[in-house]
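There are 4 protein chains.
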Amino acid sequence: MADDQRTFGVAVLGAGRMGLTHIRTLAGIRSVHVVVVADPDPAAAERGRGVARADRATTDAFDAIRDPAVEAVAIVTPTSTHAVYIEAAVTAGKAVWSEKPIALDLVETTRVVESIRRSGQPVQLGFMRRYDPGYLRAKERIESGELGRIETFRALSRDTYPPPLDFLRTSGGLFLDMAVHDLDLARFLVGEVEEVQAWGANLVDDRFAQAADIDTAVTLLRFRDGALGTVETARHSAWGYDIRTEVAGAEGKVVIEAGQKTPLTFSRRFGYEGDHFENFPDRFAVAFQRELEAFVAAILAGETPTPGPMDALETLRLAVAVTRSWSEQRPIRVADVQA
Amino acid sequence: MADDQRTFGVAVLGAGRMGLTHIRTLAGIRSVHVVVVADPDPAAAERGRGVARADRATTDAFDAIRDPAVEAVAIVTPTSTHAVYIEAAVTAGKAVWSEKPIALDLVETTRVVESIRRSGQPVQLGFMRRYDPGYLRAKERIESGELGRIETFRALSRDTYPPPLDFLRTSGGLFLDMAVHDLDLARFLVGEVEEVQAWGANLVDDRFAQAADIDTAVTLLRFRDGALGTVETARHSAWGYDIRTEVAGAEGKVVIEAGQKTPLTFSRRFGYEGDHFENFPDRFAVAFQRELEAFVAAILAGETPTPGPMDALETLRLAVAVTRSWSEQRPIRVADVQA
Amino acid sequence: MADDQRTFGVAVLGAGRMGLTHIRTLAGIRSVHVVVVADPDPAAAERGRGVARADRATTDAFDAIRDPAVEAVAIVTPTSTHAVYIEAAVTAGKAVWSEKPIALDLVETTRVVESIRRSGQPVQLGFMRRYDPGYLRAKERIESGELGRIETFRALSRDTYPPPLDFLRTSGGLFLDMAVHDLDLARFLVGEVEEVQAWGANLVDDRFAQAADIDTAVTLLRFRDGALGTVETARHSAWGYDIRTEVAGAEGKVVIEAGQKTPLTFSRRFGYEGDHFENFPDRFAVAFQRELEAFVAAILAGETPTPGPMDALETLRLAVAVTRSWSEQRPIRVADVQA
Amino acid sequence: MADDQRTFGVAVLGAGRMGLTHIRTLAGIRSVHVVVVADPDPAAAERGRGVARADRATTDAFDAIRDPAVEAVAIVTPTSTHAVYIEAAVTAGKAVWSEKPIALDLVETTRVVESIRRSGQPVQLGFMRRYDPGYLRAKERIESGELGRIETFRALSRDTYPPPLDFLRTSGGLFLDMAVHDLDLARFLVGEVEEVQAWGANLVDDRFAQAADIDTAVTLLRFRDGALGTVETARHSAWGYDIRTEVAGAEGKVVIEAGQKTPLTFSRRFGYEGDHFENFPDRFAVAFQRELEAFVAAILAGETPTPGPMDALETLRLAVAVTRSWSEQRPIRVADVQA
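In order, the protein sequence lines correspond to chains A, B, C and D. For the first sequence, position 143 (counting from the first letter as 1) is numbered 143 according to our numbering, and the numbering increases by one without interruption. For the second sequence, position 282 (counting from the first letter as 1) is numbered 282 according to our numbering, and the numbering increases by one without interruption. For the third sequence, position 120 (counting from the first letter as 1) is numbered 120 according to our numbering, and the numbering increases by one without interruption. For the fourth sequence, position 231 (counting from the first letter as 1) is numbered 231 according to our numbering, and the numbering increases by one without interruption.
Looking at chain A on its own, in the form it has when it is part of the complex (with noise of 0.2 Å):
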């Protein structure tokens, strides 16, 4: 890291779970002083600006955004208000880092990302998984040419616990909320994607059958390059967050498939167990620490934060496509979905 002593001002928009994790991550960035902390729980936000050693708190966001003091906005409110405050942030001259995604829905999304390039800010988006340290290795290994041509993507996620009933109502559907991460690994892995085939089921709850969504989808993408690809989606996991992606190319493949929380191993009565990773926030600790690491040291170097708006704005437009294959039963080319 740098050795530059400049520092910047930081407001930080949500003090729930993932508010915290983010704070505490910000707060140990020598170069970043958190300001203000913002959370409509007035407890929360307070909590928030202790974790951070931060200035003030406060339960109005628009008060964070606008404080002279603050250079760059971390959003980490729920899905619904990202747009908005990135807009808001954007507006007043402010860098942001946001959670994914700026919007559930495309002409949102567009309208925003047209805002942001207009107003000439740098913004990153959460898409996390970049930045764990397994996946920039794949990426590496790929972009040296050590693959050959790639052939194959092939990605599978399980979480381990399905969501809350009322997350699911918002949460944008199973293809929008949740495959998404590997919608957007295989943009980030082996390129943009020409054409989807989706099929879901409910296997896991009834309850999502009852928010019209679906619990479990198995997903065919044909990429521009002529890759070919399959995606295997559900919302439970009776062995633990099962989280495997690979890449297999003309001279060799790549498999990143984390297993084990510690590197121990139980052995006993003709079984073994390890220490499985539970959740998101367990498997992605440090792609969470990275990805913010990353956009102070791209604001601090001037240079354009990384994935930005139009990786939103794409891997939006890919699960849009799924989401519409599955409810269309038929294939959808990418490029014809439109705002």
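Everything labelled a hint here was simulated from the structure, so no lab data went into it. The structure presented is a predicted model; accordingly, all values stated were derived computationally and were not measured. One or more hints might be untrue.
Just so you know, same-sequence chains aren't split out, so a pair can sit in one copy or run between any two.
Taking lysine to any residue pairs in the SDA-like style, the calculated list, with each CA pair at most 25 Å apart, reads [unchecked claim]:
#, residue 1, residue 2
1, K139, D41
2, K261, P281
3, K261, D105
4, K139, A238
5, K261, L106
6, K261, A294
7, K139, F266
8, K139, G271
9, K100, F288
10, K261, T25
11, K139, E328
12, K261, A297
13, K261, N202
14, K261, E251
15, K100, G226
16, K261, R137
17, K261, G9
18, K261, E146
19, K261, T306
20, K139, D311
21, K100, L136
22, K261, S144
23, K139, R269
24, K100, V84
25, K261, D67
For chain A, the structure is supplied; the task is to place chains B, C and D on it using the hints.
Relative to the frame of chain A, chains B, C and D by itself:
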């Protein structure tokens, strides 16, 4: 194995590479007496006779089938001859073990299955993976209910080297020749498939396109009981024979994934390597033995050997459905595929 | 395998559990004709004859050895009888394959080795691990020089279940009965051992102490060329048969570590299990076959089979040195251990 | 982490590579205020001050210790200075966290331990493996009784690169400098050791012999409760940092074996490679953080931090016993090793 002293006479048709493998296995089963080895090439037939310590060799398969000392016929000839030899054998009142498929065509297969039914003769087909110790244990686990309701099936097969061009033209194509093993496993481990969707590409070698075939494919499966599946199939692999299958349910998952041929790992310069399997005779050596032992044991015990003609027919129907989905670029209901 | 049509006559002495395993292997080698099976128990002998499809059964081992149709004798009898049968066989001009050891005593072993030498007959001993595909590949890697100068040898052996008490009293003790396989691997993979130091304990079962034996031990090895080694030995294992060996050199290491019997992994509730090996016939099934095939191939080719009498003698000397180090509580130079 | 708003002042002595690592960790703990960074090199001290956002830098460690704003001293200086700084700090009424060892000599260590006892100050030593998530979970498993009675301990440590020659001369030798971590784990996971026997060799590099040291060693351990152990230690590794530890009991075993730095496996040409750890800061990055967090948490909570001075003394005694066993070529009872 039973101590029954009874032996019975077997004719082996075909003394090529796989023929010799099967002859060695049969010669090692003490209740088997190889009566005759048939091959159009007299030298191959004679060589097979020697390995089998058989009574005689012949260049005429029908002569071997008719031999009164022959009670069972093992067919290891080119695919295009399976149907006629199976029909001749069952008509002559002989039990049959044959390499899969019966035929590459539903009409012909249906006709042979009917001939077998009328003959009342026991017939077993060589879907050898069903006798691999890994898949057998997986089947036991699934049938015990330990996995709970099955949710997803996930298979990947990569051959190490692409097949020779002249084989390609009569192979039946990627799905009937290669993916058929994963499709058979889908039926074996999970159950009947209702609908399929396949996408293919030519990424490995131009010769596949010249043969109007593809070399890479991804397929979606929807099982009758609601489970979903994906299959990835590719005609080459720089890292060795790569066959992986998994079945996930509400309570657990099984993964069958043979990474290493021997229990040796060799490490150097921050890398490591195991002894990889090179191809199917290598990976499934035990299965190739077990399927013949099981056939012999079933015949001696007067039981119906498995997998039988209806498995051959239904797995073919599934593979034809996948092929049609690829060529017609639409989902195909398996039940709509009729002779 | 050679196409040589020559077959030769074999007598098998001993038709217990391992005897039947070896009889099945011999019956499966086409150049072998099992002439006679001997066992003091007439029913066992007759059963062995049936499995071998042998000409006859006998309760008299010497009768079997003398049979003029017998060219080679396979000895699978209790340890205390190996020496006398080996001597009788080589004196009668027969080739010999015998389970290890020749004897548990250096004086007797030396005398038998001398008898063998005088007879000029080929004799192979059953250190079957030398024919396990993992150890064979390890040996190749080491001999190719890929590991560079060898620095350390590291072995661990844990049997699943402790042996029966009546076996213990005649077993020769933990080092001669069980650690001897790791000591033989040390010689096979690295070379001759110069000095040893062993410590033992009774942690598993009181019966071992009652038999004046130990059930757990750790041993240091110093090889003649300077490499160092450790061996851990224990008479039970709650998690299944556990045999692991590694050799590390300046440029690389090999690890031979058979964790799984089948390529299946079953996962549930944050744990997973493979199909573990239960015991040595299970783990080394292939090695038990290969050692007999190698013996037959060597005899037919007129080559010296291996491992031979000198290996048996030197591995015994090493095991006696380790036993003495444990009982005398001091380091022992292997060369000081003389008959 | 507690929400306690209290912060306390820390002096860091030493701003070399590991010093900066620890400074970054301390700067990230919100209850810590780094008051002063001391290093004989003014540039290093100033750099450390910047990283810590500390109030001031100094070249005088005693000046830092005496600072009234300093409540705790973190010592990351060369080994030879640990004792004097620890004594100065506790005498001045400061809490201490120090890199291990207190000293390389039992007399000096005993004297410092006595000074600490008289001062009543809390002191924690940097045996960081005790804070690795793998070893912590292993400890929990063992203490829960899940392994049953412990029978064996088995450790292997291989550094990637041999240390520089000038370090060798003051390192205390292979056992005090390197094996000491495995010996500390033996005490941490299993319990006190009664007797040891070590053999050493020079296989890696002539410089070790020139420094009257060895580069490769194997050691036997006998624990007070009867368990047995082996330790393999080597100063280089062509295949990357190799640290493996296992503890086996009557009912189960734990294996701590960190093979991969990231969850990526790259396969090609029948080989595969993971991202190996390169060295201890790499493998134990989390442990280096956790040990300081634990120290701070203990001080704030008024609890005794661990591992403390007696652990440092007893682990040193064990390492001295092993060294003596090697140099005197005989088993050594640990209790016989007195200052």
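Hint check against the structure, violated hint numbers in rising order: 1, 3, 5, 11, 13, 15, 17, 25
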